[in-house]
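J.: These are the residues of each chain, in order.
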Amino acid sequence: MAVCISVIAKENYPLYIRSVPTQNELKFHYTVHTSLDVVEEKISAVGKSLGDQRELYLGLLYPTEDYKVYGYVTNSKVKFVIVVDSSNTSLRDNEIRSMFRKLHNSFTDVMCNPFHTPGDTIQSKAFDGIVSGMMVQAG
Amino acid sequence: MMAGSQWELPPELCCRPMAFVALTGLDVVYNAVHRAIWDAFCVNRRADRVPISFKVLPGDHEYPKCRTKRTSYEWYIPKGILKTGWMHKHLNLVPALVVLFYELDWDDPTWKEKQSECATKVEIVRTSLQGRNTKVAVVLIQKKTPLPPGEDLVASERAATLCNACDLSGKSLFVLPHTDHLVGYIIRLENAFYEHSQTYYYTEIRRVKSHKEFLNKTTHQLLFVRHQFKIAFFSELKQDTQNALKYYRTAYSLVHELRAHETNMLEIKTMAGFINYKICRLCFQHNTPLDAIAQFRKHIDLCKKKIGSAELAFEHSAWMSKQFQSFGELFDEAIKLGLTAIQTQNPGFYYQQAACYSQDRKQLAQQLCQASLPSPEPVDTQSGGLDFYGQRAWRQGHQSIDPPDAEKEKTGILAQQMKERDVPHSELIIALLSNAVAQFKKYKCPRMKSHLMVQMGEEYYHAKDYTKSLKLLDYVMCDYRTERWWALLSAILTTALRCAYLMASVKDYIIYCMELLGRASTLKEEQKLRIEKNLLKVLKNEVPEAEPECDPSSVTAARSLWNDRMALAGSNELTIEVQDYIPFIQCKARFHSPSFHVDQPVQLKVFLRADCPHPVSFNKLSVSLSNQEYNQWCVVESAGEESMSLVPGKTQCYNFSFVAKTEDVGKKIEMTGVEVMLGSDSGRCVFLSWRGAGGDVASTHEALQASRSSRRWGRGVQARQEPDWDSLTLQPSTMVISRVPKVSVQLSHQPPALNNEMYCINLTVQSQEEGVAKDVKLTAGLKPGQDATLGQTTHVTLDGSKVCDDSAPALLPDLPLGDLHPGQKLEISVHVKCVSTGPRVFLFHVAYSIDTSVEGRQIVCKCHKDETVTIETVVPFEVSAKFVSTKFEQLDRLAVDIPFLLMTDILSTSPWPLLLASSSLQLLTMTSNTPQLQSQLQEVVLQTDESASECFCLRVPPMNNNNNNTVATGQYLISWRRKSSGVDSPLIQTTVTLSHVILETVPLYIHADLPSFGRVRESLSVRYHIENRTSLVQEVEMAVEPSDAFMFSGLKQVRLRILPGSEQQMLYNYYPLMAGYQTLPQLNISLPRCLTANTHSLRRFLPQRIFVKPQGRQLDEASIAAA
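Chain order of the listed sequences is A and B.
Under our numbering, think of the first position of the first sequence as 4, with each following residue one higher.
Under our numbering, think of the first position of the second sequence as 1347, with each following residue one higher.
Watch out, some of these pointers could steer you wrong.
Dumping the calculated BS3-like pairs for lysine-lysine here, alpha-carbon to alpha-carbon at most 30 Å [what the hints assert, rightly or not]:
| # | chain 1 | residue 1 | chain 2 | residue 2 |
| --- | --- | --- | --- | --- |
| 1 | B | K2123 | B | K2013 |
| 2 | A | K30 | B | K1810 |
| 3 | B | K1558 | B | K1411 |
| 4 | B | K1644 | B | K1558 |
| 5 | A | K30 | B | K1650 |
| 6 | A | K45 | B | K1853 |
| 7 | A | K13 | B | K1788 |
| 8 | A | K45 | B | K1644 |
| 9 | B | K1870 | A | K30 |
| 10 | A | K30 | B | K2211 |
| 11 | B | K2233 | A | K30 |
| 12 | A | K30 | B | K1874 |
| 13 | B | K2013 | A | K13 |
| 14 | A | K30 | B | K1814 |
| 15 | A | K13 | B | K1411 |
| 16 | B | K1411 | B | K1435 |
| 17 | A | K128 | B | K1435 |
| 18 | B | K1652 | A | K30 |
| 19 | B | K1817 | A | K30 |
| 20 | A | K105 | A | K13 |
| 21 | A | K45 | B | K1874 |
| 22 | B | K1788 | A | K80 |
| 23 | B | K1651 | A | K30 |
| 24 | B | K1788 | A | K30 |
| 25 | A | K80 | B | K1790 |
| 26 | B | K1429 | B | K1458 |
| 27 | A | K45 | B | K2233 |
| 28 | A | K80 | B | K1787 |
| 29 | B | K1790 | A | K13 |
| 30 | B | K1853 | B | K1951 |
| 31 | B | K1788 | B | K1652 |
| 32 | B | K2233 | B | K2088 |
| 33 | B | K2325 | B | K2171 |
| 34 | A | K30 | B | K1644 |
| 35 | A | K128 | B | K1870 |
| 36 | A | K45 | B | K1951 |
The hints are simulated quantities; they were obtained by calculation from the structure and are not laboratory data.
Throw the hints in and build the complete structure from the sequences for me.
T.: Okay, here's the thing in structure tokens:
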């Protein structure tokens, strides 16, 4: 399960960041922020190659000693970043993919809300619920 | 070296092992030949030479003694894994080959003596190498160039005896002729040496391998590792890196099989680190970087948890940090040699992790090294004094699980902790971070770079280097600000604020306070309250409270710094450019409208809004404009004690208005800045200054979001009472435009204009002003900026009584029209002559000035009204002319001195009726046949598409020059005007140049006198005149052909002569027989002498037919009777 889940706007500012409360929240902000370097690079690399069909799932962005950072980019260039504890070896690639898919679906629901302005931070209980379901339960 | 050097890898581990060859018998100081030989060996060694490290040693050099060979390991208990001196010994002390240089020529006279001296020297070397497998070789330095092998019998014989005497094999004796090709010989020599050294290391490997059978797994585990390491190292010396890698890998797995406990943990990790370093290094060297990375990951995973003694946990972090650092360095080195790294796998990550472990080390050291030691005997912990790598100085060689002496162990640990306290951790961390920054910069990771720079800044903060810390933090802050990561920005600002506080840097302190109070700050309310309180204190020139989590000793220092600052008089005015931050007071300014008429007051609004928890008061608000003269109108200052105040979350609006100067008409007024003054003169004045019309880093995005949401919700947002802050837009500039003119300008004219006419445009200017319009000026004519040729073909004048000439301009500028009283009307006629056809745009510009008052101020406004009109110019009529004969037959050439007709045709194409006043001909070569040429068109009026024709009878006078030439005819002049224009309006002369004609001369001119009609059965007489136009006597043959319609009398056929210039007349009486148009009897004329003129060409002058009337009815008897 994830230790940090975040949604980043097209312009690379955070729309939503949630991390396990037991650990330093700021550290996850930095982890997510620095992972955007790799996301940007991957997106631009795809842009150059032929065909517009791009897989949304970017895979493992980069490993740190303690965490694994996975990325996912929607067609509107909204980024999802999920941070998983490195010690958690039970998570397979497929499970990460399905987490992203779930997140994307929920995000789409948020965007469909007529009271939500795209570009604003996400404040949705339903979205919170989905994210909580994917997070490592504290305690 | 820094104090962290305990963890540095020994240089003999990090170098590339090369075979060691000792050279003896060379006197490189005093013997030039020997010096040259030595230089050839070691100076400018390029990479393509064999890897040997040479050393010059004296002939009697003592090599390290070889320990007596162990025959049994049965009772042997090893004291450690690897001796600290071993690698050095084999790299630099124990040679693979000792070479003895000896000067001896084959034909040396004292051969015998020399040979035995050489043998003695060899023996000395052999003795000092007692027990080693080191090879010995002899090189004879000779002055003579050797003969090819086999030819010099003396040489081969003496070589054999020398070998015998020295107990050398033939392969170990070399000859070095000291001739021109020294380097070539040397290279051949060293290749031979290299082979010898290979053999030596091979035997060494065999020797070490042979120990294996004596070892047992229980007591000799350490030796398994040691032997594998040694084999690998010898393989490296042998340059067999593939096998070296294989043995190192074995050694690595063996080292982890060792029983690990607290006492030997450090030794195991140290050796594991060494072997890992060797493996990674060789993998990079073999260009298999992935193997290196995999090995390193395995190494880290295996060792991560092997912390060892808890009291010395910082040592583990230091060791881990070193592992990452040295791998990073290996990686970086490989990149320099051509390896390509990628964004997600570059040395930066390893440096970063090294820094991370160094930070752990620092933290652990801070926790563990609290106790101060009353150090009676400082234990020597220098690794230099160790026998084995990774052992403790106070219990060397000890291999059992428990420390031998608990007391000694305690002091040892304490001493280590003491030593750790002096380590400049921050320095180490910063160095590693800056290495990582350099790497991430290279591999396009700007955010990672920023993150590391933040860490560096924080480390500088911990190291109390606040200036450097602020410099770094300030540098990266803007990246986080523009990317809108507020939580990170707030965290950085908090650190920066601490730095600014501890340095007592007033300006920085205020800036960071301002931003931490602003809307981008994610601080909690109570934090903001505390910061706001501090900010207010600074504004009152008081010392602020210390920031939390500051080092207490630094706080005391800071407080005295602040007191010094406060005591310092002056410099209590600060201007802060807030645009590039997200300050707690937001400002947006706008002009009411993008343009103002000069007689309106220019209005602008400044919106202010505070985001801090408490209301904030300020004392002055001013706007600066591009024209500074207006600035005085855009200031608001607090009156007396009462200061202006901003309520958090509420938008406060300040209105300013001023009257623009008339000189600024047509110019732009821009806001260049807005300033808000916080504090007061009694304390500290801080000017927050925005460039342009305000806004800050975040406001553009907010405005965008606001527009997105308002687009969705339409007018709902607009209808609210208070303007929505985010959707307020900036209007930083406005135009001053001239006052709206209150005059009417009307044009009346009859388009289109006719080519060349004086086209009249009537202009009516009427004032609707309430005051007197002064200095009314008219500019009339062709609007500038059209096709340049139009300027030359258009002429404008006010005088319509005569046709203007080409000197009249295309535009009449600034015609003074005097003053115009309210309601007064002015009429002006402008006449335009257009020489070419096509459309033209005419401009009528009426300018005047008027006194008016704006907000009680009298100003003189200049107003102008422009009227433009497009007028088409067309051709009034088309003129055609043609030449015909007197018989109205088209002529293509004119006969000289024979009358003909010129017919002109004027076709009106004008939409307006034209009055043709008169027309005339100006003839050049021809003359009129009639005495008075009179115009037949006088006062004719032509409507559209009507045409008027004229006919002139002309004759070309005889000329004496050659015939068949083309001549100009002349011009046809028409004077005309519009029918509608007044009687006194000028007539326009239109000149049509007539076409050229071809002239011809005829030799004989015949014309006939003939009545206009005949009557049946009534005789009519026809007289033919035949003129000889030549200067010769002409013989003419004439015959009249019979005709059914006529009877005739006269000469039917005649031949006559006509003298030059004279005329002959022939008279015939024709008697018509039939009525109607009848062909006259044909007259055939021929000139036998002049063949060019035939009957046909002569006949054209003669009438062909005549009308014959029927016989008049006479009432005679016969006809009655017939009836």
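J.: Against this structure, judge whether each hint is valid.
T.: Status of each hint after checking the structure:
{"no.": "1", "hint": "K2123/B / K2013/B", "verdict": "holds (23 Å)"}
{"no.": "2", "hint": "K30/A / K1810/B", "verdict": "holds (23 Å)"}
{"no.": "3", "hint": "K1558/B / K1411/B", "verdict": "holds (23 Å)"}
{"no.": "4", "hint": "K1644/B / K1558/B", "verdict": "holds (27 Å)"}
{"no.": "5", "hint": "K30/A / K1650/B", "verdict": "holds (21 Å)"}
{"no.": "6", "hint": "K45/A / K1853/B", "verdict": "violated (42 Å)"}
{"no.": "7", "hint": "K13/A / K1788/B", "verdict": "holds (25 Å)"}
{"no.": "8", "hint": "K45/A / K1644/B", "verdict": "holds (28 Å)"}
{"no.": "9", "hint": "K1870/B / K30/A", "verdict": "holds (19 Å)"}
{"no.": "10", "hint": "K30/A / K2211/B", "verdict": "violated (69 Å)"}
{"no.": "11", "hint": "K2233/B / K30/A", "verdict": "violated (117 Å)"}
{"no.": "12", "hint": "K30/A / K1874/B", "verdict": "holds (23 Å)"}
{"no.": "13", "hint": "K2013/B / K13/A", "verdict": "violated (41 Å)"}
{"no.": "14", "hint": "K30/A / K1814/B", "verdict": "holds (23 Å)"}
{"no.": "15", "hint": "K13/A / K1411/B", "verdict": "violated (73 Å)"}
{"no.": "16", "hint": "K1411/B / K1435/B", "verdict": "holds (11 Å)"}
{"no.": "17", "hint": "K128/A / K1435/B", "verdict": "violated (71 Å)"}
{"no.": "18", "hint": "K1652/B / K30/A", "verdict": "holds (26 Å)"}
{"no.": "19", "hint": "K1817/B / K30/A", "verdict": "holds (22 Å)"}
{"no.": "20", "hint": "K105/A / K13/A", "verdict": "holds (19 Å)"}
{"no.": "21", "hint": "K45/A / K1874/B", "verdict": "violated (40 Å)"}
{"no.": "22", "hint": "K1788/B / K80/A", "verdict": "holds (25 Å)"}
{"no.": "23", "hint": "K1651/B / K30/A", "verdict": "holds (23 Å)"}
{"no.": "24", "hint": "K1788/B / K30/A", "verdict": "holds (24 Å)"}
{"no.": "25", "hint": "K80/A / K1790/B", "verdict": "holds (20 Å)"}
{"no.": "26", "hint": "K1429/B / K1458/B", "verdict": "violated (47 Å)"}
{"no.": "27", "hint": "K45/A / K2233/B", "verdict": "violated (99 Å)"}
{"no.": "28", "hint": "K80/A / K1787/B", "verdict": "holds (24 Å)"}
{"no.": "29", "hint": "K1790/B / K13/A", "verdict": "holds (19 Å)"}
{"no.": "30", "hint": "K1853/B / K1951/B", "verdict": "holds (29 Å)"}
{"no.": "31", "hint": "K1788/B / K1652/B", "verdict": "violated (34 Å)"}
{"no.": "32", "hint": "K2233/B / K2088/B", "verdict": "violated (71 Å)"}
{"no.": "33", "hint": "K2325/B / K2171/B", "verdict": "holds (29 Å)"}
{"no.": "34", "hint": "K30/A / K1644/B", "verdict": "holds (26 Å)"}
{"no.": "35", "hint": "K128/A / K1870/B", "verdict": "holds (23 Å)"}
{"no.": "36", "hint": "K45/A / K1951/B", "verdict": "violated (47 Å)"}
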